[in-house]
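2 protein chains.
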Amino acid sequence: MSQSRPVTVVVDAIGGDFAPDQILQGVTQALAANPDVRIILTGPADIVQPFASTAWGRVEAVATTQVIEMGDHPANAVRSKKDSSIVVGARLVREGRADAFFSAGSTGACMAAATLVMGRIKGVSRPAIATVLPTAGVPCILLDVGANADCKPENLLQFAEMGEAYASVVLGVGAPRVALLNIGEEPTKGSILAQEAYALLAEKLPAFTGNIEGREVLAGEADVIVTDGFTGNVALKLLEGTSKALLGQVKDAMMATAVTKLAASVLKPSLVRLKAQLDPDTYGGAPLLGVDGVCIIGHGSSGPVAVANAIKVAVQAVEGDLTGRIARAVAEN
Amino acid sequence: MSQSRPVTVVVDAIGGDFAPDQILQGVTQALAANPDVRIILTGPADIVQPFASTAWGRVEAVATTQVIEMGDHPANAVRSKKDSSIVVGARLVREGRADAFFSAGSTGACMAAATLVMGRIKGVSRPAIATVLPTAGVPCILLDVGANADCKPENLLQFAEMGEAYASVVLGVGAPRVALLNIGEEPTKGSILAQEAYALLAEKLPAFTGNIEGREVLAGEADVIVTDGFTGNVALKLLEGTSKALLGQVKDAMMATAVTKLAASVLKPSLVRLKAQLDPDTYGGAPLLGVDGVCIIGHGSSGPVAVANAIKVAVQAVEGDLTGRIARAVAEN
Numbered sequence: 420m421s422q423s424r425p426v427t428v429v430v431d432a433i434g435g436d437f438a439p440d441q442i443l444q445g446v447t448q449a450l451a452a453n454p455d456v457r458i459i460l461t462g463p464a465d466i467v468q469p470f471a472s473t474a475w476g477r478v479e480a481v482a483t484t485q486v487i488e489m490g491d492h493p494a495n496a497v498r499s500k501k502d503s504s505i506v507v508g509a510r511l512v513r514e515g516r517a518d519a520f521f522s523a524g525s526t527g528a529c530m531a532a533a534t535l536v537m538g539r540i541k542g543v544s545r546p547a548i549a550t551v552l553p554t555a556g557v558p559c560i561l562l563d564v565g566a567n568a569d570c571k572p573e574n575l576l577q578f579a580e581m582g583e584a585y586a587s588v589v590l591g592v593g594a595p596r597v598a599l600l601n602i603g604e605e606p607t608k609g610s611i612l613a614q615e616a617y618a619l620l621a622e623k624l625p626a627f628t629g630n631i632e633g634r635e636v637l638a639g640e641a642d643v644i645v646t647d648g649f650t651g652n653v654a655l656k657l658l659e660g661t662s663k664a665l666l667g668q669v670k671d672a673m674m675a676t677a678v679t680k681l682a683a684s685v686l687k688p689s690l691v692r693l694k695a696q697l698d699p700d701t702y703g704g705a706p707l708l709g710v711d712g713v714c715i716i717g718h719g720s721s722g723p724v725a726v727a728n729a730i731k732v733a734v735q736a737v738e739g740d741l742t743g744r745i746a747r748a749v750a751e752n
Numbered sequence: 420m421s422q423s424r425p426v427t428v429v430v431d432a433i434g435g436d437f438a439p440d441q442i443l444q445g446v447t448q449a450l451a452a453n454p455d456v457r458i459i460l461t462g463p464a465d466i467v468q469p470f471a472s473t474a475w476g477r478v479e480a481v482a483t484t485q486v487i488e489m490g491d492h493p494a495n496a497v498r499s500k501k502d503s504s505i506v507v508g509a510r511l512v513r514e515g516r517a518d519a520f521f522s523a524g525s526t527g528a529c530m531a532a533a534t535l536v537m538g539r540i541k542g543v544s545r546p547a548i549a550t551v552l553p554t555a556g557v558p559c560i561l562l563d564v565g566a567n568a569d570c571k572p573e574n575l576l577q578f579a580e581m582g583e584a585y586a587s588v589v590l591g592v593g594a595p596r597v598a599l600l601n602i603g604e605e606p607t608k609g610s611i612l613a614q615e616a617y618a619l620l621a622e623k624l625p626a627f628t629g630n631i632e633g634r635e636v637l638a639g640e641a642d643v644i645v646t647d648g649f650t651g652n653v654a655l656k657l658l659e660g661t662s663k664a665l666l667g668q669v670k671d672a673m674m675a676t677a678v679t680k681l682a683a684s685v686l687k688p689s690l691v692r693l694k695a696q697l698d699p700d701t702y703g704g705a706p707l708l709g710v711d712g713v714c715i716i717g718h719g720s721s722g723p724v725a726v727a728n729a730i731k732v733a734v735q736a737v738e739g740d741l742t743g744r745i746a747r748a749v750a751e752n
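Protein sequence lines correspond, in order, to chains A and B.
Residue numbers for the first sequence follow the working numbering, so the first one is 420 and each next one is one higher.
Residue numbers for the second sequence follow the working numbering, so the first one is 420 and each next one is one higher.
Because the hints were derived from the structure by calculation, they are not lab data.
Treat each hint with caution, since some may be false.
[As the list claims (entries may be wrong)] Quick partial rundown of chain A residues pointing at chain B, CB under 7 Å, derived from the structure:
(1) T607
(2) G609
(3) L657
(4) V691
(5) L693
Glycine included, every Cβ here is placed at the ideal spot set by N, Cα and C.
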C-alpha cells in the first residue's frame, strides 16, 4: 500500500446516539489534527452536502437514501438497504475509493456490512472485534468482544495473530505479549475450548505467554488477551459496569456532607483524569479485525473526541498496513 | 431436619494462607457471636487439641495426620489422603456428626471431598460454587464461579434452582429474581449454550426474569445470576481485579500531594466503608451447592472475619434446610 497519498476515511454521518452533530464535530477535530486526512461522509444529502461544502475540499459527500436502524436485523438490513450510509461506506472501501470505514451505528450492521461487502482477508475464518482496555501501564487489547459467541481453538489462534498485528501497528508495541483469558494458570485449566486453544497457541504463536486470569486483566501483564466473543463481551461490559458502579460510590462518598464536598473539590482534577482514562471515548472505537479493509466501530454514545480518535486510529491502521500484516500473519499458520 | 439441637460446623484448622492462627481467631469470634453453634476442628493434634481444651466444651478436636497441599491434584489427594483435615471434615458431615463443613484450603480439594464423600443431592448432576457479589442494593448471587468450566443447559437450570434456594435461605430474599448472564437482552442472543439455557429457564423456572448483561451485574437488577463456571470465574476475578485497580488509582490520586492527602483524610471513613463492602471477607465464603450437606469454601486469604462470617452463613444454611430445599427444587423439574 502506497504511503504517498493522504489517507481517506469514510465516516457514517448518521450512526450513533449523538449523530449527526457530534459525529460532524469529531470530523472537524480530526481534520484540524491531521492535515493529511481526507473524509468521505455517507448519509442523507441534506446532512452531508452542506458540511462537505464548507470543508475546504477535504470532505467529500456521498449522499445515501436509506437508514439502518438499531432494531434492524443486521444481515438482513445490509442485504436490503444497499443505499444506506453503512453499506455504502463499506463499499467505498471495497472499491478502493477510501482506505477505512468508521461508524458509531449498529455494531451488528457494521460487522455484517464489513464482512459481506469488504469480505474477509484470505485465510481468516472469523473476523473479531477488538477493544482497548485501560491498564496500569500500556493499554491492552482484548478480543473477541462480541463478534463470535461460539468459537473453535483455531479462531482463537487467528484472534491472537490479528490482535498482535493491531497492538504492533496501532499501539506501537514492539513485541506484543499475547495471553489467553482462562480460569487458572496451568495449561490444563479451563474449558475444553481454553485447553485446546492453549495447546494450539503454545505450538503456533511465538508471542504466546500463557494463561491470564480475570484478576490480572488490568494489571498490564499482557498486550493482547484473546478469548471467545461470549466471554470477551461479558468481560468488557462487566468492566464498564464495575468502573461505573465504583466511581459512582466514590462520588457518593464525596458528596455526603459539606466537608467531604470541599475535600472532593481538591481531588477533582485527579479524578477527572482517572475518569478520562477509563472513558471508552479515549480509544475512539473498536476495530473489526480480519475484514479486508480497515473498519472501526464506535460506541453508540460516541462524542466528538471518540470520533476524532477513531479516525486517528483508522489512519494509523492504514499507514501501518494493518490489513497486510494480518494477511501475512494468518498465511503463516 | 430438627431445629432443636445446636448446629455443628466442622472447620478445617489448617486450610488457608493464614491458618491456623487466623482460622482459630475466626472460630473464637463465631463462638462469641452465636451461643448455639458448636465447632469440630480438624487438623494436626498439636493445633486442634490445645484449642479445643480451652473452648468450654463447645469445640471438639478431631486430629488428622495428613495434609492436602495447594499443589496437590484435588481428586487424587482426596482419594489418597483419607486422614486429611478436608476429607475427614467432609466425612463428619456425611456421618451426621456435623451439619456443615468449612475450609479455606484448596478449593479443588474441598469440591472433590464434598462431592466424593458427602455425595450429590439426588437429581443434581453438577454441584456449583456460588458467590455473593456486592451490588448497589441487596447482594446478588453469581453461580457457577468455577466448578464446571463446560456446562449444558440443564446444568444452568439446576444452578438457577440452587441459587434461588440459597438466596431465599441465606440472604433472606422473598422471591428471588433469577437472570441468565448473556451478551444481549433478547432470547436469541449469545452462545448456543446461552440460547438453549434461556429457552429452558423460560419454560421451567417461574423466577426467571431473562438475560442480564455484564454492565448490569452490579446494578442490583437480579438476585441470582447464572452462568457456566468458565464465564462466572472470569467475571468474578475480573470484578475483583477491576475493583482493586480502580481503588488503587483513586488512592494514588489522593496521595499525590500534601493538599490532596489532607482532603483524602476527610473522605477516609466513607472509603473504608466502601472497601469493606467490596471485601470478599464480608461474605465469608462461597457455598458449594448441590452436595448432600452444607459446604462453604473460603478464599485462601480468609482472615478471622471471613471465617466467622462463613460459620454464620453455614449455620443459616443448616437452620434454613438449604439442602432439603435444593433437593425439592431439583426434584420438581
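Okay, the hints, checked on the actual structure:
1. For the restraint placing A:T607 at the interface with chain B, the shortest Cβ-Cβ distance is roughly 10 Å, beyond the 7 Å limit, so the hint is violated.
2. Annotation: A:G609 was flagged as interfacial toward chain B, and the flag holds, the nearest CB pair being 5 Å apart, inside 7 Å.
3. Given the 7 Å rule on beta carbons, the hint for A:L657 holds: about 4 Å separates it from the nearest Cβ of chain B.
4. Restraint check, A:V691 versus chain B: the minimum CB separation of about 10 Å is more than 7 Å; hint violated.
5. At about 5 Å, the closest approach between the beta carbon of A:L693 and any beta carbon in chain B falls short of 7 Å, and the interface hint on this residue holds.
Figure legend: structure checked against the earlier numbered hints; hints not met, in rising order: 1, 4.
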